[in-house]
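Number of protein chains: 2
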Amino acid sequence: MGKAGLPVSPLAPARFPDLPVIAGVDFASAAAGIKYQGRSDVTLIRIAPGSTVAGAFTRSSTRAACILDNQAKLAQGGDAPDGAAILINSGNANAFTGARGQASVDAVCAAVAEALDLPQGRVFTSSTGVIGEPLPHERIVAITGDLARGLDAGGVADAARAIMTTDTFPKGASATLADGTRIVGIAKGSGMIAPDMATMLVYLFTDAAVPAGVLQQALSSGLDTTFNAITVDSDTSTSDALILAATGQGAGAPITDLDSPAGRDFVTALHGVMRDLAHQVVRDGEGATKFVEIAVTGATDDADAHRVAMAIANSPLVKTAIAGQDANWGRIVAAVGKSGAQADRDRLRIAFGDMVVARDGWRDPDYDEAAASAYMQGQELRISVHLGLGQGARTVWTCDLTHGYIDINADYRS
Amino acid sequence: MGKAGLPVSPLAPARFPDLPVIAGVDFASAAAGIKYQGRSDVTLIRIAPGSTVAGAFTRSSTRAACILDNQAKLAQGGDAPDGAAILINSGNANAFTGARGQASVDAVCAAVAEALDLPQGRVFTSSTGVIGEPLPHERIVAITGDLARGLDAGGVADAARAIMTTDTFPKGASATLADGTRIVGIAKGSGMIAPDMATMLVYLFTDAAVPAGVLQQALSSGLDTTFNAITVDSDTSTSDALILAATGQGAGAPITDLDSPAGRDFVTALHGVMRDLAHQVVRDGEGATKFVEIAVTGATDDADAHRVAMAIANSPLVKTAIAGQDANWGRIVAAVGKSGAQADRDRLRIAFGDMVVARDGWRDPDYDEAAASAYMQGQELRISVHLGLGQGARTVWTCDLTHGYIDINADYRS
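For the protein sequence lines, the chains are L and Z, in the order given.
Each step along the first sequence adds one to the number in the working numbering, with nothing skipped, and position 221 is 221.
Each step along the second sequence adds one to the number in the working numbering, with nothing skipped, and position 256 is 670.
Keep in mind that the hints were calculated from the coordinates and are not lab data.
Note that the Cβ used here is the ideal one computed from N, Cα and C, for glycine as well.
There could be a bad hint or two in this list.
A few chain L residues that don't get close to chain Z, going by computed Cβ distances all over 12 Å [claimed, not checked]: (1) Tyr-36; (2) Gly-38; (3) Asp-117; (4) Ile-143; (5) Ala-212; (6) Ala-334; (7) Gly-337; (8) Arg-359.
Listing some non-contacts, in silico: residues in chain Z with all C-beta distances to chain L over 12 Å [to be verified]: (9) Ser-474; (10) Leu-488; (11) Ala-683; (12) Ile-746.
Not the full set, but computed from the structure, chain Z residues with beta-carbon under 8 Å of chain L [what the hints assert, rightly or not]: (13) Phe-510; (14) Thr-511; (15) Leu-731; (16) Ala-737; (17) Val-750; (18) Gly-751; (19) Asp-774.
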């Protein structure tokens, strides 16, 4: 069973991966009793002096207080000559809490800054859970000293568990480059956080030495093909956050140019870890029974390919057909049509796995409904759409829409 | 039970309304055996010489052949000096059927034109049902003569039934103005058409005398607040169509200026009929148990208000919370935030019915969860969001997202 009492997703990895230690990053988790009982719900992460920090945050216009605070701090630059820290709590999102929200953020940041002897401007926070309830920040402040004393380079797996809300499994991924550079990430997110919303939190750490501006560029350039390429139900949280820290304490030479061989290797590995975590979030999609890759090619440009892929991935009709193991390519055609992207009905080619089901504006002459239905029984599906117009391409990932989703979101709080 | 064997929606009107006869419009329906057995599936509508015709069609880029044909014909103008006709079949959408699709449309139009002695350019068609299957148009052609002989001014109720697919009740509405002018409409649509998609078809008739350009303007000006203001599941069909015909055979004086008193009365009545039919489509939303009005005010402009209202109406999180009778205003805040519209978290006011639940960036101090939960038990709900920024306003209508929706769309075809 997951932390919230839900059964573990059938799409979960077999086990939490062994994650390497990142020199210069320490973790501590503990129970503050914010909402959940009998489990850790607060994590403190300390990042060594001389590190750099980058971030990406929700575009919601009703962002939570901690998001606005993180953005303001990162706008001052990503250098952390004296070190930095991240404090994450689950159980309460501190969102839509009026002026009190920022006061809670300030109180937590001040406590962490004092405990770790850091400038308050280098303390970042995340809150996830119920919204519209005041954050009992005093419970976090009360255990800050204990957390600081418990910091440990091996605490990453505990942290991955402490940040869970309705997640049914903890999410972690890593990569080690040929030069010894290490990248580690943890994430939470599973569609939505009962009883409120779909917060996704991601923390990435590397021992590479990367100037702050370059680090931000490495992070930003990977978003569109990883975390912005997944959807469970099209809902965006007020609190989505991704923070990446680079300590420079690893074996690799400093990376100052992402177009250098070392820079390219780093970016490829970083984006691989990001994609792995993004896929894990989809695999924990509420009620999900199938992991679906939707690959769009032949679009006028990449943006149009993304539009088409997301229209398919977010279509309740497509998602329920997949849940019903129905090779319903007509719903794909309809989703392409409504996407707003340039498309020509008579050039479309649609395939399920390797099986072409439609081409040139009509069902493929060799289409075999029995074979297509057999394919749809699988747990891992790939739907390809070729628009036949240009070179634009984009792949996104989603899951099916099942009775389990309704159960969790309609029935959970009551 | 509805035609497709589904139970009648709990939100259905008590009975089909008595619709007045429109002088100059005749209906005939019959069984062609296109897909369904033991029921009418083809309707022929004859519109008298001297009428004018207007239309509105899906914006999908994968439009069905009949849609492209209707649009091309209306692009030549809306006058019908020799009369016009509409032929509608259910059971097959003739969508994504390649070049054969247009050939089927041509065959049907030629047969109707011959049977009614009309120019083929004034014969409009609609097809709704399964997509990607060739339309057996010869079955329609074979009964065209019978249909022509059976035309009757009183056949509108039968027509409302013949065009149903997964609809669980036939949809009709009417208005009679003080000067005796009559407006009648029928519609079909219920989310989606099993096993394929969400086609909505609407046919409106009036005995008013209205020049074609003015008629089109009267129709177009009402779309944003009626049929474009409803959503069951955000999916748009390849085949949505609305046709309005004015025969000029009624008691009223010709309407040449929509800003005249008579013009304004006509537009108000027409839009009222359109809104009534639009609401009936939502009330037949697949699996719907609640009819929900979402009223957004205080937006920067009407377009932003529409964006916010639709983001709320299409949010699976909001729709499942409503199904669960959960007064989950946090999900409303999140939907506002993701809408892309201008919004200020600290100016938002959210109400369920007359109950203000949140204001000024936080839960209302007088918020009473028990009272809010009691309100959510109702079958007809109103959610109001005031953005506090400007004068933009828009109201949309939707339904909840239930296990019934998954049943119909995941399990129906298998």
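Each hint, compared with the structure:
no.	hint	result
1	Tyr-36	holds, 18 Å
2	Gly-38	holds, 25 Å
3	Asp-117	holds, 33 Å
4	Ile-143	holds, 26 Å
5	Ala-212	holds, 28 Å
6	Ala-334	violated, 5 Å
7	Gly-337	violated, 3 Å
8	Arg-359	violated, 10 Å
9	Ser-474	violated, 3 Å
10	Leu-488	holds, 20 Å
11	Ala-683	holds, 31 Å
12	Ile-746	violated, 10 Å
13	Phe-510	holds, 5 Å
14	Thr-511	holds, 6 Å
15	Leu-731	holds, 5 Å
16	Ala-737	holds, 4 Å
17	Val-750	holds, 6 Å
18	Gly-751	holds, 3 Å
19	Asp-774	holds, 6 Å
Hint compliance for this structure: hints 6, 7, 8, 9 and 12 are broken, all remaining hints hold.
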